[in-house]
Every structure is written in C-alpha cells, then in structure tokens.
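In the order they appear, the protein sequences are chains V and X.
Once you know that position 55 of the first sequence is 102 in our numbering, the rest is easy, because the numbers rise by one and skip nothing.
Once you know that position 90 of the second sequence is 91 in our numbering, the rest is easy, because the numbers rise by one and skip nothing.
Among these hints, one or two may not hold up.
[As the list claims (entries may be wrong)] Derived pair list, reagent style SDA-like, types lysine to any residue, alpha-carbon separation capped at 25 Å: (1) K88(V) to S13(X); (2) K88(V) to K57(X); (3) K106(X) to R61(X); (4) K43(X) to R84(V); (5) K57(X) to P9(X); (6) K102(V) to K61(V); (7) K111(V) to A49(V); (8) K43(X) to Q89(V); (9) K67(V) to M92(V); (10) K43(X) to K71(X); (11) K43(X) to L164(V); (12) K113(V) to S83(X); (13) K3(X) to T25(X); (14) K61(V) to A18(X); (15) K88(V) to K102(V); (16) K101(X) to S101(V); (17) K68(X) to S41(X); (18) K68(X) to K43(X); (19) K106(X) to E134(V); (20) K3(X) to R61(X); (21) K3(X) to T151(V); (22) K101(X) to K61(V); (23) K71(X) to K101(X); (24) K106(X) to S101(V); (25) K113(V) to G146(V); (26) K88(V) to E6(X); (27) K43(X) to T151(V).
If you're looking for bench data, these hints aren't it; they were derived computationally from the structure.
Model, not experiment: these values are computed from the prediction.
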Amino acid sequence: GAVVSQHPSWVICKSGTSVKIECRSLDFQATTMFWYRQFPKQSLMLMATSNEGSKATYEQGVEKDKFLINHASLTLSTLTVTSAHPEDSSFYICSAIPGGGRATEQFFGPGTRLTVL
Amino acid sequence: QKEVEQDPGPLSVPEGAIVSLNCTYSNSAFQYFMWYRQYSRKGPELLMYTYSSGNKEDGRFTAQVDKSSKYISLFIRDSQPSDSATYLCATPLGGGSNYKLTFGKGTLLTVNP
C-alpha cells in the first residue's frame, strides 16, 4: 500500500519558538495533502487542505499565520507552527491522496507529537 | 449537531468475542462511510469503506450502513488482542467522494487475552 511518512515523530520545543513538520508521500505523487490535529482522547480535526503549487485552504478557526503550510512538491508538504505555545501541544497527522484519487484513498502518516514547554 | 457521532467507550471484551462498533450521522446526503483503526500514537489506517447502504465484509470485519436510521456499524468477529485500538468512523463532507473527511470521536477497544 501507499506510504506516508512524517518527520519528526516527536518534538519538544520551548514556548515562542517555531517548529517545522514534514509530510512525505514515499511511493506516490500527491496533489492534495491534509493536516489534522488530534488532542488526547479526541478525534482528528482537519486544520487545512494543502494543494501542490497553491495556497493552503484553512478550516474555520485555524490561524493561517500561525500554522504555515507549504506544499512545494508532489511528494512533500510542511507544516510550520510559528511562535508555539503550550496550547499548541498536540498530535499532528498528515494525509495524502494519490493524484486523481478520492477520499476513500486517503493515506495517513504516523503522526508527530509536539510538546511545547 | 456534529456530522458524525460516535460513542467513545471504552469497550473491553474477551478474546474471541464479537465486537459491535457504531456511529450515527446527521446528513442523509452522506453516501461514503469509512472505518479507520488507529493504534496508540500512530496515524489512522483505513480498514474498509462502504458506499450507500448494505453490508461489506472483509475477513473478520463487516461494515454495515442503515440509511433509514443514519446508523453505521463495524462488526469484528473472533476478536483478537491485536485488534485493541481506537476505531474511527468517517465520512466525506459533502456526501460524495469529496476529499475532506469528518471523523467521529473514536471508540477505544481493548481485547483481553
């Protein structure tokens, strides 16, 4: 099956610093990638839709200046949490859809656990 | 009302039991329904999906949709300790094969040896 990787798998940072998370589709090209956030014992909440070569589309309530998304190639999307604060501590998960695919063909990465001290 | 509602459990069963996991949805226009399994500290993996109503079987797993009651179910037969995980139901917003998914809260299942 298709594989999506994330790096790093976990990160601890100090409040006020920025953190970049990478999402890569390893064996397919993904024109669309998604970024989700998951708090403990909560469901996945969609943050933004990332399309290669264009600006990301953010869900209501998600600050685009705080969560910067760059989908520079067909296999890589990055999420940068700027000026991170403890309330940004969460599990961040990306997913990717092969070109021409559907929602049923969305493959998820293993997630990145962010802890902001 | 959320698009998809799911009882978070937790649910604990003995090995070999039949497990029933359930979700309800709010919009009768929804047509695709997915079940994902998520192990602790991992990303979700797609177990199976159904389109419209009826049953779909894959090994020990059966997904069922009842459109009249807006109810979706996942049954696990002969449950194994390796089935211990959180199970999430999901549906594409907009009802069709649209990319954006909305998820239920997930049900934490523990299968005891």
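Results for each hint:
no.: 1; hint: K88(V) to S13(X); in the structure: 16 Å, holds
no.: 2; hint: K88(V) to K57(X); in the structure: 28 Å, violated
no.: 3; hint: K106(X) to R61(X); in the structure: 23 Å, holds
no.: 4; hint: K43(X) to R84(V); in the structure: 13 Å, holds
no.: 5; hint: K57(X) to P9(X); in the structure: 23 Å, holds
no.: 6; hint: K102(V) to K61(V); in the structure: 28 Å, violated
no.: 7; hint: K111(V) to A49(V); in the structure: 29 Å, violated
no.: 8; hint: K43(X) to Q89(V); in the structure: 14 Å, holds
no.: 9; hint: K67(V) to M92(V); in the structure: 19 Å, holds
no.: 10; hint: K43(X) to K71(X); in the structure: 29 Å, violated
no.: 11; hint: K43(X) to L164(V); in the structure: 22 Å, holds
no.: 12; hint: K113(V) to S83(X); in the structure: 38 Å, violated
no.: 13; hint: K3(X) to T25(X); in the structure: 10 Å, holds
no.: 14; hint: K61(V) to A18(X); in the structure: 46 Å, violated
no.: 15; hint: K88(V) to K102(V); in the structure: 31 Å, violated
no.: 16; hint: K101(X) to S101(V); in the structure: 17 Å, holds
no.: 17; hint: K68(X) to S41(X); in the structure: 31 Å, violated
no.: 18; hint: K68(X) to K43(X); in the structure: 31 Å, violated
no.: 19; hint: K106(X) to E134(V); in the structure: 20 Å, holds
no.: 20; hint: K3(X) to R61(X); in the structure: 30 Å, violated
no.: 21; hint: K3(X) to T151(V); in the structure: 21 Å, holds
no.: 22; hint: K101(X) to K61(V); in the structure: 32 Å, violated
no.: 23; hint: K71(X) to K101(X); in the structure: 20 Å, holds
no.: 24; hint: K106(X) to S101(V); in the structure: 31 Å, violated
no.: 25; hint: K113(V) to G146(V); in the structure: 28 Å, violated
no.: 26; hint: K88(V) to E6(X); in the structure: 14 Å, holds
no.: 27; hint: K43(X) to T151(V); in the structure: 19 Å, holds
Violation of the numbered hints given earlier is confined to hints 2, 6, 7, 10, 12, 14, 15, 17, 18, 20, 22, 24 and 25; the remaining hints are satisfied by the structure.
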